[in-house]
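Q: Sequence:
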Amino acid sequence: GPMETRFKNLQAWLCRKAGVKQAHLSHVMTGKRRPSPELAIQLEPLLLQKGINLTRIDLVFGYRKGQSWQQLLASKEHNEQ
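Per our numbering, the sequence shown starts with residue 3, numbered consecutively.
Hints in this document: simulated from the structure, not taken from any laboratory. Check each hint, because a few of them may be wrong.
In silico lysine to aspartate or glutamate, DMTMM-like type, Cα no more than 25 Å apart, as pairs [what the hints assert, rightly or not]:
no., residue 1, residue 2
1, Lys19, Glu82
2, Lys52, Glu40
3, Lys67, Glu46
4, Lys10, Glu46
5, Lys52, Glu79
6, Lys19, Glu6
7, Lys34, Asp60
8, Lys19, Asp60
9, Lys23, Glu46
10, Lys23, Glu82
11, Lys34, Glu79
12, Lys10, Asp60
13, Lys34, Glu6
14, Lys23, Glu6
15, Lys67, Glu82
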């Protein structure tokens, strides 16, 4: 669906842009690890550029262990309806 399209190739692109190791970003994106505030600040404009409406606040304070960014975004978009 459209969500998958938005997330396709996102990880590799973000790694390049933010200079983050792919293994670490993978853990952050799948909800295994909470991003540092510094990383969240770096990621916010990059995500918005890709049409992914997750802010630094969402990434840090919306974090639930084991919840992926796709799940986080889905629940955010659901709540905004």
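Q: Now, for every hint given, state plainly whether the structure supports it.
A: These are the hints, each one checked on the structure:
1. For the given pair, lysine 19 sits about 29 Å from glutamate 82 by alpha-carbon distance, which is inconsistent with the 25 Å threshold.
2. For a cut-off of 25 Å, the pair hint linking lysine 52 to glutamate 40 stands: about 19 Å separates their Cα positions.
3. For the hint pairing lysine 67 with glutamate 46, the CA-to-CA distance comes to about 20 Å; that is within 25 Å, so the pair holds.
4. Note on lysine 10 and glutamate 46: the hinted pairing holds, with a Cα-Cα distance of about 17 Å set against a maximum of 25 Å.
5. For the hint pairing lysine 52 with glutamate 79, the CA-to-CA distance comes to about 16 Å; that is within 25 Å, so the pair holds.
6. Distance restraint check for lysine 19 and glutamate 6: the Cα-Cα separation of roughly 20 Å lies within the 25 Å cut-off, and the hinted pair is therefore satisfied.
7. Using a Cα cut-off of 25 Å, the hinted pair lysine 34 and aspartate 60 holds, with the two alpha carbons roughly 15 Å apart.
8. Restraint check: the Cα-Cα separation between lysine 19 and aspartate 60 comes to about 20 Å, which is no more than 25 Å; the hinted pair holds.
9. The suggested pairing of lysine 23 with glutamate 46 holds, with an alpha-carbon distance near 17 Å, which does not exceed 25 Å.
10. Between lysine 23 and glutamate 82 the CA atoms are separated by roughly 32 Å; this puts the pair beyond 25 Å, and the hint is violated.
11. Proposed proximity of lysine 34 and glutamate 79 is supported: the alpha carbons are some 22 Å apart, at most 25 Å.
12. A hinted pair counts as satisfied when its Cα atoms are at most 25 Å apart, and lysine 10 with aspartate 60 qualifies at roughly 20 Å.
13. Taking the CA atoms of lysine 34 and glutamate 6, the gap is near 20 Å; set against the 25 Å cutoff, the hint holds.
14. For the given pair, lysine 23 sits about 22 Å from glutamate 6 by alpha-carbon distance, which is consistent with the 25 Å threshold.
15. About 22 Å separates the Cα atoms of lysine 67 and glutamate 82, which keeps this hinted pair within 25 Å; it holds.
In summary, the numbered hints that this structure violates are 1 and 10.
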